[in-house]
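In case you want the letters, here they are:
Protein chains: 2
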Amino acid sequence: MAQKPSIPKGTRDFSPIEVAKRQYIMSVIKKHFERSGFQPIETPSFENSETLMGKYGEEGDRLIFKILNSGDFLAKTNEEFLQTKNSLKITSQISEKALRYDLTVPFARFVVQHQNELEFPFKRYQIQPVWRADRPQKGRFREFYQCDADVVGSTSLWQEIELVQLYDAVFSDLKIEGVTIKINNRKILSGIAEVIGASDKLIDFTVALDKLDKIGEDGVKTEMVAKGISEEALVKIQPLFNFNGSLTEKLNQLRELLASSVEGTKGVDELTFICETVEELGLKSATLNLDVTLARGLNYYTGAIFEVTAPETVKLGSIGGGGRYDDLTGIFGLKNMSGVGISFGLDRIYLVIEELNVFPETVSNVTDVLFLNFGDNEAKYCLKVIRDLREAGVNAELYPDKAKMAKQFQFAEKKGIKYAVIVGETEMQQNIFGLKNLNSGEQQNVTLQELQQILMK
Amino acid sequence: MAQKPSIPKGTRDFSPIEVAKRQYIMSVIKKHFERSGFQPIETPSFENSETLMGKYGEEGDRLIFKILNSGDFLAKTNEEFLQTKNSLKITSQISEKALRYDLTVPFARFVVQHQNELEFPFKRYQIQPVWRADRPQKGRFREFYQCDADVVGSTSLWQEIELVQLYDAVFSDLKIEGVTIKINNRKILSGIAEVIGASDKLIDFTVALDKLDKIGEDGVKTEMVAKGISEEALVKIQPLFNFNGSLTEKLNQLRELLASSVEGTKGVDELTFICETVEELGLKSATLNLDVTLARGLNYYTGAIFEVTAPETVKLGSIGGGGRYDDLTGIFGLKNMSGVGISFGLDRIYLVIEELNVFPETVSNVTDVLFLNFGDNEAKYCLKVIRDLREAGVNAELYPDKAKMAKQFQFAEKKGIKYAVIVGETEMQQNIFGLKNLNSGEQQNVTLQELQQILMK
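Residue numbers (the UniProt record's numbering), protein chains in the order written: chain D, 1 to 457; chain U, 1 to 457.
Each hint should be verified, as a subset may be incorrect.
Since copy identity is lost for identical chains, a pair holds within one copy or between any two.
Simulated pairs of lysine-lysine, BS3-like, Cα-Cα distance not exceeding 25 Å [as the list claims (entries may be wrong)]:
#1 Lys-250 x Lys-89
#2 Lys-31 x Lys-21
#3 Lys-4 x Lys-21
#4 Lys-175 x Lys-266
#5 Lys-415 x Lys-335
#6 Lys-138 x Lys-76
In short, the hints are calculated from the structure, not lab data.
In isolation and in its complexed conformation, chain D is listed as follows (with noise of 0.2 Å):
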């Protein structure tokens, strides 16, 4: 019955010295979000389908992970459904829970489902996997985390500044340096749409806009006309296309265009207040650049929207994005709830810190020392010291069987354990060990004081 084992596409194992990467990502936002007074939290992997079902378009609906009901879940089902073979109607017949997708919606639940144990403003973190039958692709996956800071309960921009800083803060910590923060606003968007009378076409117009890298000038305004905007709204909008100079130039040429539109303006007075504070404060490593193309999830957000790239040098993209979100809650019943949050995308990090090589050396949770094995009394003796290293901090472990040295040698190696320690009956007696560092292959013999303190550097 041997079966060739395999997992399913999409999802990965990982390595000792993976996981060690990946520990060191995580510990590292959450290092900055708990300075930043962020309270990280933890929801269940599966919520109820209602929960879910319905928060994220019908794209969304199709991929989120259903789990089927327990038992026999066919009893209760519609006869004619089953036999019209009518998966969609079924679905909800016998399926009740799904997993969880992304960690916001699970977040606006648990808001209101623990309003009054909380105290607002909550600034809570939550660093979990979601799951999406995506079909996969490079970089893609069905199962991967997402670390996630948000704020409910307040609509200062203190906020958007503060997490402009924190974006800051992690990529700088994580020596990746020269990020640029994108941001925008929803209510720029708004705003152009409106002062070229294209309040109703606003997503085909931000959809377009959107592909300016992509297909160029031309290209977006050739969309943009099929779409039913005006040549006239063109030569309004022609500052967007030559948007160019220092963030506060920007802001001014945005503040021209929007000035007859009250909710553009007001758009435009947020940015420059969050732009000009970021200012002054200054940034570590990062850069805040104004990208009016910037729309990700446009009717989700509806005030500041950002998106972080990664330094030009390595060609991956996107590494993290947010915004603010006016009713995040709503949808549970409780309204009135402003929210603004910002989003880690562990996978592509953990691919530019590899293409840019700095990962610390110290990530890795390889033993520091392999005590070989010549047998029962000598084991014995190696692991009352084994246990004192322990103690005091190092990892150490006995090679478990009285195999041949060549072979705990090469165990050792292949490992990437740097020391080996040799204790047989004439070290016993002698009370010495004998210590072989196998990356310069130097072997010395030295008392039970000098190995602790070589160890334990």
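Starting from the structure of chain D, add chain U where the hints point.
Below, chain U alone, put in the same frame as chain D:
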């Protein structure tokens, strides 16, 4: 469309303090795993169904959460099964994936799949959630974490010894003193069944013996007789019912009882080696005890069997268990891979620590200091100080809105924040900070340097 939000039964939301406490326990376990040379791996939350099904018995199969196939999952189902509503047969036609039920089977799958990349003996640990469609009850959840350490690829008994030490190190570090590590050996149970001529009734015999605590000697004997074990046999095993004395005395009694059984004697030899060595090396706070009634998952284990029970003052029973299984990977086609491992029961351990009240006071993720917000100028001023404090390792936050002072203080108090900093116009002019200790109520004016010194403590 406001729905009252809830989560599926048997699952839990974790609040910030609960997350902090759970992370504390996991970090202690993880630390000692790594000290002992175990390396972390992670496997996907769901596996192909054929990887899991049939590995946990019929009851286990029933308790595995199955994931519904995406898309038009009914399209290729068997008409007859649908019409007769045969849930059992339909399951495999509409579900190809299932949520992890434990960490052992995925580990076996991992070892076989990656055998050419691993060095054996391979010491891995894994701390991940598992899911079971069990009936939820007090202390039993449908989603819970397992914390496992296993070594695969060596039959050396030094590993059993090290695992006993590992249990002792973890529980001592967690300040759970006085746990009992019960040990038994499958070969001893087989040996007893053999010497009383009941080898064919090994399961019945051990199931009955396992109840000694609950139903007493007479109850056990009655059950054994009912299962066809002879009165003669019961006389032979009488020593098991008066099984007292030191470890050595117990082992001697067993050696005598099992003298005629080769397997039983081997079991006694193994246990003697483990127990004597552990005794000689010494344990910090745990007690190792031989318990011949211990059988946990008998069909699975082939050598040592472990179970850890909480200190007697807390009536919480088993907080860990494990043992040796000689054919872990055989189910996936890799023969002759002996494994031995132990598991820590996170939820139970959490309850024990709560009951003993030994969570360290430092386990918390509450912000150290809240800067009150008196307006944009003051906020900007504060944010510069906050940035420096964060870099120095202080968890600091700014109240995002210019709210009434009483409200801001109340917020800090309810969240359990220790310090509040007050910076109004006067303080800005005088270059001082109002620092209020919210525990003592004491307030003082301090310089920037003093502020940093106090908060960095």
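### Task
Find the hints from earlier in the document that the structure breaks and name them by number, from lowest to highest.
1, 3, 4 and 6
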